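A.B. asks: Chain residues, written in single-letter form:
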Amino acid sequence: MKAKELIELNNEKREFLNEENEKKYDDMLVYIRLASTKSEQQTEEILLELLDHVLLAQEEGKTIHDVFGDDLKAYSQEVIEEIPEDTKKKQVKFAIRLIFLFLGVTSLFSGIINAGLHYIFGFGEGTSTFHVGSSIAIIVSTTLIAFGMVYFVLEWLKSSLFKEEKKSERKEFFQLWIIMTLVIGVFFCIYYFMPSFGAEFSLPILVFIPIGIVLYGISYVLKD
Amino acid sequence: MKLRSQLLKGVLEGCILAIIQQGPTYGYELSIKLHEQGLTNISEGSIYPILLRLQKEQFIEGQMKPSPSGPRRKYYYLTATGQEALKNFATHWENIKGPVDSIIKGGHES
Numbered sequence: 001m002k003a004k005e006l007i008e009l010n011n012e013k014r015e016f017l018n019e020e021n022e023k024k025y026d027d028m029l030v031y032i033r034l035a036s037t038k039s040e041q042q043t044e045e046i047l048l049e050l051l052d053h054v055l056l057a058q059e060e061g062k063t064i065h066d067v068f069g070d071d072l073k074a075y076s077q078e079v080i081e082e083i084p085e086d087t088k089k090k091q092v093k094f095a096i097r098l099i100f101l102f103l104g105v106t107s108l109f110s111g112i113i114n115a116g117l118h119y120i121f122g123f124g125e126g127t128s129t130f131h132v133g134s135s136i137a138i139i140v141s142t143t144l145i146a147f148g149m150v151y152f153v154l155e156w157l158k159s160s161l162f163k164e165e166k167k168s169e170r171k172e173f174f175q176l177w178i179i180m181t182l183v184i185g186v187f188f189c190i191y192y193f194m195p196s197f198g199a200e201f202s203l204p205i206l207v208f209i210p211i212g213i214v215l216y217g218i219s220y221v222l223k224d
Numbered sequence: 001m002k003l004r005s006q007l008l009k010g011v012l013e014g015c016i017l018a019i020i021q022q023g024p025t026y027g028y029e030l031s032i033k034l035h036e037q038g039l040t041n042i043s044e045g046s047i048y049p050i051l052l053r054l055q056k057e058q059f060i061e062g063q064m065k066p067s068p069s070g071p072r073r074k075y076y077y078l079t080a081t082g083q084e085a086l087k088n089f090a091t092h093w094e095n096i097k098g099p100v101d102s103i104i105k106g107g108h109e110s
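Top to bottom, those sequences are chains D and H. Take the first sequence: its position 92, counted from the start at 1, is 92 in the working numbering, and no numbers get skipped. Take the second sequence: its position 11, counted from the start at 1, is 11 in the working numbering, and no numbers get skipped.
If you're looking for bench data, these hints aren't it; they were derived computationally from the structure. Fair warning: this is a prediction, and the values are worked out from it, not measured in the lab. Take these hints with a grain of salt, some might be off.
Claimed, not checked - Keeping only pairs whose Cα atoms sit at most 25 Å apart, straight-line, the calculated DMTMM-like set for lysine to aspartate or glutamate is:
1) LYS65/H with GLU5/D
2) LYS65/H with GLU82/D
3) LYS23/D with GLU12/D
4) LYS38/D with ASP101/H
5) LYS23/D with GLU5/D
6) LYS65/H with ASP70/D
7) LYS9/H with GLU85/D
8) LYS33/H with ASP86/D
9) LYS56/H with GLU12/D
10) LYS56/H with GLU60/D
11) LYS163/D with ASP70/D
12) LYS65/H with GLU60/D
13) LYS9/H with GLU45/D
14) LYS33/H with GLU45/D
15) LYS9/H with GLU78/D
16) LYS13/D with GLU29/H
Could you put the whole structure together from the sequences, leaning on the hints where they help?
C.D. replies: Okay, here's the thing in C-alpha cells:
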C-alpha cells in the first residue's frame, strides 16, 4: 500500500474513535507527521498501526493512555526516533520543489499585481529595471526567510499540541498576526533597501506571469 | 511502565522475535501474547518503537494483509537475518540466565 492509500484508510478509521481518544490520537498524528525528514511511507504505516491498536483497545474499554502511557508526547518522540530517515535525494528534491514553488508564486503574483496596477490603473511602468547582483541577493534572502517561516510555523504547530487546555484562540491569532506582519515588513525592507549592484537590465512586467507559471510547473512536476 | 532500561529493551526484542517466529503476527496480537505470557508491566504501546527498530535492522518485515476478522493489518514476518538474531539472542540469554539467577539468589542467602 502506498502512503496516500494509508492516509485515506487512516482518515476513514479515525472516525470510529471516541471523542477523547480522537482528540489525543490527532495530536500524536500531527506531531509524528511533522517530523518532516522521516520516510512518509514508514510514518503512515506506523500511524495506521497505532490507530488500529487504539481502536481494538477502545472496544475493550481502554483509553489511549492505557495503551501508550501518560506522556503521549514522549511516546510519540520515541516512535519518531525509530522511523527511518527519508533518503537524502528525496529531502533535497523536496527542498528544491519548495524553492520553485515559492519563486513561482511570488513571480506570478508580482507580475499580475504590477501589470494590473500599470495597465488598468496607470500606476508604475510597463518595464521593471533590475540589477543582477541585487536581484540575486533579494531572491536568496527572501527564499531563506520563507524557509525560516515554514520552520517556525511547524514548530509553532508542534508546541500547540498535547495541551490539556488549548491556549485562547484570540491570543494565538494575535501572536501569529504580529509575527506575519513583521515577516512581511522584512520582505519589503529587503526589497527597498537592497543597494543596486551588478549589471542593469530591463524586463517587461508581463514577462513575470509566464515565468511564474513555468516555475510553478517545475515544482508541480517534482511532486513525484 | 516505560522502557527506560536498555536491558529490558534488549530482552523484549528477543521475545518479540520469538513470538513472530511462531507465525506472522500483527501489533495488537503481539502485545496480547506478551501479556498472556506474564509481561504485564510493559505498556502495550512500547512494542511499536521496537518493531520499527527490528524492521530497520531487517530482522522482520511487514506486509499489509487481510486479517481473519476482515480489515487489512500489517503482519510481521521473520527474515533470515532475524532467524540468526533470534538464535544469537537465545544463546546469550541461556548463558546469562543461570549465572544471574544464582548471583541474585546467592546474594539473598548470604
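A.B. asks: Next step is simple, just say for each hint if it's right about the structure.
C.D. replies: Evaluated hints:
1. LYS65/H with GLU5/D: Satisfied, since the Cα-Cα distance of roughly 14 Å is no more than 25 Å.
2. LYS65/H with GLU82/D: 23 Å, holds
3. LYS23/D with GLU12/D: The given pair, whose Cα atoms are some 15 Å apart, holds under the 25 Å limit.
4. LYS38/D with ASP101/H: 42 Å, violated
5. LYS23/D with GLU5/D: 22 Å, holds
6. LYS65/H with ASP70/D: Violated, at roughly 31 Å.
7. LYS9/H with GLU85/D: 22 Å, holds
8. LYS33/H with ASP86/D: Cα-Cα ~32 Å, so violated.
9. LYS56/H with GLU12/D: 28 Å, violated
10. LYS56/H with GLU60/D: Distance of about 32 Å is beyond 25 Å: violated.
11. LYS163/D with ASP70/D: 13 Å, holds
12. LYS65/H with GLU60/D: Holds. LYS65/H to GLU60/D sits at ~23 Å (cutoff 25 Å).
13. LYS9/H with GLU45/D: 22 Å, holds
14. LYS33/H with GLU45/D: Within the cut-off at roughly 22 Å; holds.
15. LYS9/H with GLU78/D: 13 Å, holds
16. LYS13/D with GLU29/H: At roughly 19 Å apart (the allowed maximum being 25 Å), GLU29/H and LYS13/D satisfy the hint.
Violation of the numbered hints given earlier is confined to hints 4, 6, 8, 9, 10; the remaining hints are satisfied by the structure.
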